[in-house]
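**Q** Whenever a hint applies, use it, and build me the whole structure from the sequences.
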Amino acid sequence: MDGVRNETFEIPATRGPGRVLWFILAISLAIHVLCLVAGRTWMKEWTWPQEPFHATIEMAGGMIALGVAWMLLSLERLRAGTSYNVWIAAALVGMGILDSLHAMVLVGQTFVWLHSTATLVGGLLFVLVWLPPRWQHHMRWWPWVVMCGALVFGGISLLLPDLMPRMVANKQFTAWAKGINLVGGILLFAAAARLVHTYLRTKNIDDLLFCLHCGLFGAAAIMFEQSQLWDLPWWGWHLLRLMAYGVALWFVVETDLRTAKELRDREVTRARVAALEESAEELAHANRQLQGYVDALSKAKEALERSNADLQQFAYVASHDLQEPLRAVAGYCQLLETRLQDNSDEDVQTFLAHATEGAKRMQALINSLLDYARVESRGKEFSHVDVHDVLNEAMANLSVAIEECAAEVTCDEMPSVLGDRDQLVRLFQNLIGNSIKFRRDEAPRIRVNAQANMNHWHFSVSDNGIGLEQQYADRIFVIFQRLHTRTKYPGTGLGLAITKRIVERHGGRMWVESQPGVGSTFFFTLPRNASH
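All letters in the sequence shown, in the order written, are residues 1 to 532 by our numbering.
Worth flagging that the hints you see were computed from the coordinates, not collected in a lab.
Treat the hints loosely; a few may be bogus.
To be verified - Okay, derived cross-link-like pairs now, DMTMM-like style, lysine to aspartate or glutamate, Cα gap no bigger than 20 Å in a straight line:
1. K380 / E393
2. K437 / E413
3. K437 / E403
4. K380 / E408
5. K437 / E404
6. K437 / E513
7. K203 / E262
8. K299 / E254
9. K437 / D420
10. K437 / E469
11. K301 / E504
12. K437 / E393
13. K203 / E254
14. K380 / E504
15. K299 / D310
16. K171 / E305
To be verified - Using C-beta positions, here's what the derived DEER-type ranges look like:
17. E277 / D422: 55 to 63 Å
18. E277 / V196: 43 to 51 Å
19. E254 / A284: 39 to 47 Å
20. A303 / D389: 37 to 45 Å
21. D412 / A328: 30 to 38 Å
22. R77 / L200: 23 to 31 Å
23. K380 / T410: 25 to 33 Å
24. A328 / E413: 48 to 56 Å
25. S298 / N397: 35 to 43 Å
26. A473 / C405: 22 to 30 Å
27. H384 / L336: 22 to 30 Å
For glycine and all other residues, C-beta sits at the position ideal for the given N, C-alpha and C.
**A** Next comes the structure, spelled out in structure tokens:
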């Protein structure tokens, strides 16, 4: 039927009627047959007049009915439970009140009247499940109306028993009593049929539980007309009613456990969601920080690009606008020095020598600075280069200096790398030349080594030169920074700066380890493949 509401609480797909429901159905059928057969044959004369016990089980059943009704109304607010919470709750309220009043009166006309009307009222209210589902959504107040009506009806029955139809005559139930129970039983079976139909469509186990509840009450009502007060069939249908209330109690316990599990699962889910939200917030904060770092790096990159552009512009200016005046100054100084070489004034000769030397040094500085700037701007595309050939070419360029100081240069097996051949030649030439320049009195011994390490080649150039304090290990790679005077060790102070810039262009890094009076080892790395 369209519009019937399903449970909000999730029911596992494997959760079905199970063996318990079938067992209860089998037991109820066996009780029905056994009590009728035994009550008509070998236990025909058996009776058990136990009013206190009877009152106890009837009162317990009434209290269970009211408790289950309250739970159904609570589940209705949560959109859980059965598909007909309002109708079933109202039926249980009516039956629970009348059965409780039935348990409190002595055996007699009112005793049977209240029991019979409880069955009839239950049937009339349970059969409302056949109404369109939308009706119960507009009648949430219906159980309260039934409660008031049941209390008023029960009060009138207790105060004015003579107005009620006769229920017992000559220790036999009258047609009124049997008819009321029969009609109630038929209505309860009709409600059970509707609940089965709904269960087959919704697979809501709670609908099936109350189908069993209605079926047991219906069977008890049918057995009523076949029984006498206190005989075996009479106790048989009381047992069926007790089982029906037991099914309702099972619903309470099962729903409570299921709801508790659902709440625990929700708490776990809520805790996980909170943890995920916290992690997401931390991740967002980290992303914001990372974005800040990226922005800062981007700005630094832009500043570096501007600086490189300025440096390239300066190199262009230096190569065109500064070189020519310096050449003119140096040329005129040399011309004056030639013309005044017979001049006996020593101061004039000294001044001219200083001017000529200064002009030449300025030219050397500008040329070195141009070389530094052109590492990036004039570099060639990378190709596969045999480092052993590169090293041989660098040593050939330094052959005169190597022979003059009797330097010994050795190397291990060298790999092939991806790089700019000319720049790699200059790299090794600068490092070996640096070892020759900063030598001690003994002949220089220089060793070149290469080792594979993860994604890079680690190169080293070691010597037995004068060495340096480790605190100056970074300073020597800065342009125009010197640790010694030009008189003792001539040069522009850009050799190692150019060397480091070449290494960085190739995707590596460079550093030095040294000890004064022992020697230095220059290390640098080059990627082993193009992806690095």
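**Q** Work down the list of hints and note, for each, if the structure agrees.
**A** Hints, one by one, checked against the model:
Between K380 and E393, the direct Cα distance comes to roughly 18 Å. Compliance with the 20 Å bound is thereby established for this hinted pair. As the CA atoms of K437 and E413 are separated by approximately 25 Å, the hinted pair breaks the 20 Å bound. With a C-alpha separation of about 13 Å, the suggested pairing of K437 with E403 holds against the 20 Å cut-off. For the suggested pair K380 and E408, the alpha carbons sit about 31 Å apart, so the restraint of at most 20 Å is broken.
Distance hint between K437 and E404 is fulfilled; the C-alpha atoms sit about 11 Å from each other, no more than 20 Å. Distance hint between K437 and E513 is fulfilled; the C-alpha atoms sit about 18 Å from each other, no more than 20 Å. For the suggested pair K203 and E262, the alpha carbons sit about 18 Å apart, so the restraint of at most 20 Å is met. Between K299 and E254 the CA atoms are separated by roughly 65 Å; this puts the pair beyond 20 Å, and the hint is violated.
As the CA atoms of K437 and D420 are separated by approximately 25 Å, the hinted pair breaks the 20 Å bound. Annotation: proposed proximity of K437 to E469 holds, straight-line Cα distance about 17 Å (limit 20 Å). Between the alpha carbons of K301 and E504 the distance comes to roughly 15 Å, so the proposed pair stays at or under 20 Å and holds. Restraint check for K437 and E393: satisfied, since their Cα atoms lie roughly 19 Å apart, inside the 20 Å limit.
For a cut-off of 20 Å, the pair hint linking K203 to E254 stands: about 16 Å separates their Cα positions. At roughly 15 Å between alpha-carbon atoms, K380 and E504 fall within 20 Å of each other, so this suggested pair holds. For the proposed pair K299 and D310, the alpha carbon gap of about 16 Å is at most 20 Å, so the pair holds. Between K171 and E305, the direct Cα distance comes to roughly 113 Å. Violation of the 20 Å bound is thereby established for this hinted pair.
Taking the beta carbon of each, E277 and D422 are about 58 Å apart, inside 55 to 63 Å as hinted. Take E277 and V196: their Cβ atoms lie about 45 Å apart, and the range 43 to 51 Å holds. Distance hint check: the CB atoms of E254 and A284 are about 44 Å apart, consistent with the given range 39 to 47 Å. Between A303 and D389, the C-beta spacing of about 39 Å keeps the proposed range 37 to 45 Å intact.
One distance hint, 30 to 38 Å for the beta-carbon pair D412 and A328, is violated here, with the actual separation near 50 Å. A C-beta distance of roughly 27 Å is found between R77 and L200, which places it inside the suggested range of 23 to 31 Å. As the Cβ distance of K380 to T410 is approximately 29 Å, the hint placing it in 25 to 33 Å holds. Roughly 51 Å separates the CB atoms of A328 and E413, a value that falls within the hinted 48 to 56 Å.
In this structure the supplied range 35 to 43 Å holds for S298 paired with N397, their Cβ-Cβ distance being about 41 Å. For A473 and C405, the hinted distance range of 22 to 30 Å is satisfied, since their beta carbons lie about 25 Å from each other. For the pair H384 and L336, the beta carbons lie near 53 Å from each other, so the given range of 22 to 30 Å is not met.
Taken one by one, the earlier hints fail for this structure at numbers 2, 4, 8, 9, 16, 21, 27, listed in ascending order.
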